[in-house]
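For the record, the sequence lines run as chains A and B. Under full-length UniProt numbering, the first residue of the first sequence carries the number 1, and numbering increases by one thereafter. Under full-length UniProt numbering, the first residue of the second sequence carries the number 1, and numbering increases by one thereafter.
Be a bit skeptical, because a hint or two may be false.
What the hints assert, rightly or not - What the simulated footprint calls covered on chain B by chain A, stretch by stretch (three residues with Cβ under 8 angstroms from a Cβ of chain A suffice, anywhere in the stretch; the number is not a length): (1) 148-160; (2) 169-175; (3) 213-220.
These are computed hints drawn from the structure, not numbers from a lab. Positions of the beta carbon are idealized from the N, C-alpha and C atoms, including for glycine.
Chain residues, written in single-letter form:
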Amino acid sequence: MTGTETGSGNRTGTETGTQIRAGTGAENGPPAETQTETGPGTGSRAETGTTIESLLRVESASVTLGGRPALEDASLTVDPGELVGLIGPNGAGKTTLLRAVLGLVPLASGRVRRPSGHPVGYVPQRHEFAWDFPIDIAGSVMSGRTRSIGWLRRPRAADREAVDRALELAGLTELRRRPIGELSGGQRQRVLVARALAAEPGLLLLDEPFTGVDVPTQEHLNELFRRLAGEGKALLMTTHDLAAAARTCHRVVLINRTVVAEGGPELLADSEQMLRAFGLHRAATAAGAVAA
Amino acid sequence: MIEFLLDPWDLPFMQRAFAVAAVTGLVCGVVGVFVVLRGMAFIGDAVAHSAFPGVALAYTFNGNLLLGGAAAGIVTAVGIAFVSQNRRLKEDTVIGVFFAFAFGLGIVLVSTRDTWTTDLSSFLFGQVLAVSSGDVWTAAAFGAVLVTVVLALRKELVAVSLDRETARAAGLPVFRLDVTLYVVVTATIVMSLEAVGNVLVLALMITPAATARMLTERLGTMTLLASGIGCAGSMAGLYVSYSYDLAAGGSIVVVLTSVFALVWLLAPRHGLLTRALRRTTDAPRVSPPAEIPAATAGTP
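Throw the hints in and build the complete structure from the sequences for me.
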């Protein structure tokens with residue numbers, strides 16, 4: 001795929017490479033021990049729509065992977081009670097943004113702010129998980145609480161209750177003793193969601209939760225995410241399933257190495273914005289000029 | 001039959017050999033579970049071989065062989081853990097180069113001594129019939145520490161094994177846990193050198209755990225089975241060795257591998273065992289009745 005040029009002038013200072021690529025190979029970031037990740041060159045760009053109580057604020061974040069920019073000057077916020085969709089083509093930096101928020105890849109510049117006291121739940125893509133490990137569903141969900149249980153300790157009543165709640169929310173209570181090697185794609189996705197929920201997070205980051213899962217699971221997750229948002233959690237979900245995003249999300253952020261546009265789900269019906277996000281901006285403006 | 005079983009126990013050197021074999025088999029089983037589940041077999045092999053120059057150095061300078069081997073092995077293990085954090089390098093290539101070098105270095109070091117061929121064979125193939133009672137107690141103490149460490153860190157090791165990125169995101173010290181596991185593997189290998197020697201030690205760690213994996217979908221059961229198979233298999237191997245006057249280390253490995261082969265062959269054919277087996281495949285089993293026609297599954 002040939003690259004795009006940000007010629008529209010409303011984004012200054014971004015030097016766009018000619019290749020769209022978000023690698024996943026760099027794994028040498030520091031562990032996310034701190035609540036606030038600060039990179040060099042603190043961004044000073046004022047963002048509209050941010051409030052103090054945002055559970056996530058990404059400010060002018062840039063990430064370089066393997067010498068190439070994977071994310072440039074990207075800013076977004078997620079407030080409590082919000083379900084935000086992160087939409088973009090393959091290689092647009094969706095996963096990279098999530099990983100930067102988690103501190104799994106270092107920021108080249110900009111910063112990520114999260115209030116302390118709200119753990120983050122992460123639902124990675126399904127292939128990140130060792131489904132051949134000999135453990136049952138309840139055990140893998142409990143692994144989401146490893147950190148909060150603490151070293152040299154066994155799960156206590158509170159941990160078991162949190163796991164029970166997470167299993168209930170994900171609709172896995174009946175299957176809790178089933179080995180994870182025997183699950184369908186939809187069941188596996190629900191296990192990952194339940195594992196993240198077991199840590200009782202304030203912010204939930206979901207990487208392509210609807211990809212390759214059956215329709216009943218999609219509907220279940222859809223309902224679950226809305227319910228979690230209703231309880232005041234903040235959810236940020238990457239997807240390239242526009243229909244799912246339009247149905248589920250309160251707000252969508254279009255991303256193509258940087259944030260191209262954001263707004264309500266109706267934005268997904270805006271063909272020019274969509275074309276820009278999906279790297280066809282010049283074609284779109286050319287078409288627009290012809291039409292005018 | 002009873003005479004056959006009791007006969008070797010009259011001999012003090014056989015009593016010590018049985019004790020060392022039992023302890024080694026048990027500890028290797030427990031540690032081997034994570035080696036198998038993490039796909040660390042090749043790393044284990046590298047560590048086993050790289051312990052060799054340490055043993056050889058200690059031997060050359062009349063030092064403690066176990067300590068020498070442990071030091072060399074741990075240096076390698078930490079190095080491997082460090083290299084494997086950076087996925088840009090093909091890990092197995094680096095390991096391959098490194099452990100071949102370490103092994104060669106060990107042989108060179110040993111060959112500086114006059115009696116080296118005899119000594120070399122005891123390093124390579126074990127000397128379980130020549131252990132002292134001090135060695136037995138050292139192995140037992142070592143083993144107790146290693147098993148304790150693995151059980152104490154089990155929860156964290158499971159979380160990292162399941163999904164290391166999410167574990168890292170949650171704030172678990174993934175690198176330090178990796179290093180700890182590598183050090184435990186190394187120490188286990190070094191303490192097992194006496195029983196089966198450098199070349200065969202990997203089998204003691206991998207084979208019982210691999211056998212156990214085919215029989216269960218529970219980590220706890222797998223750990224119990226692996227240590228049980230390792231312990232019983234090692235002792236049975238010693239019986240074989242004693243009865244037919246065969247090399248002890250080799251006999252242990254042959255017995256353990258026979259058990260593995262039996263489980264691998266028989267389990268898929270038996271209806272009962274098939275249910276217990278539940279080998280991981282991509283095809284999900286929706287309900288228990290779906291498992292019954294498994295006997296015909298082999299003919300596509």
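The hints, checked one at a time:
1. Requiring three or more residues with a Cβ within less than 8 angstroms of a Cβ of chain A, the coverage given for the segment 148-160 of chain B holds, as 5 such residues are present.
2. Counting residues of the segment 169-175 of chain B whose beta carbon lies closer than 8 angstroms to any beta carbon of chain A gives 7, which meets the minimum of three for the stated coverage.
3. Counting residues of the segment 213-220 of chain B whose CB falls under 8 angstroms from any CB of chain A gives 5; the rule of at least 3 is met.
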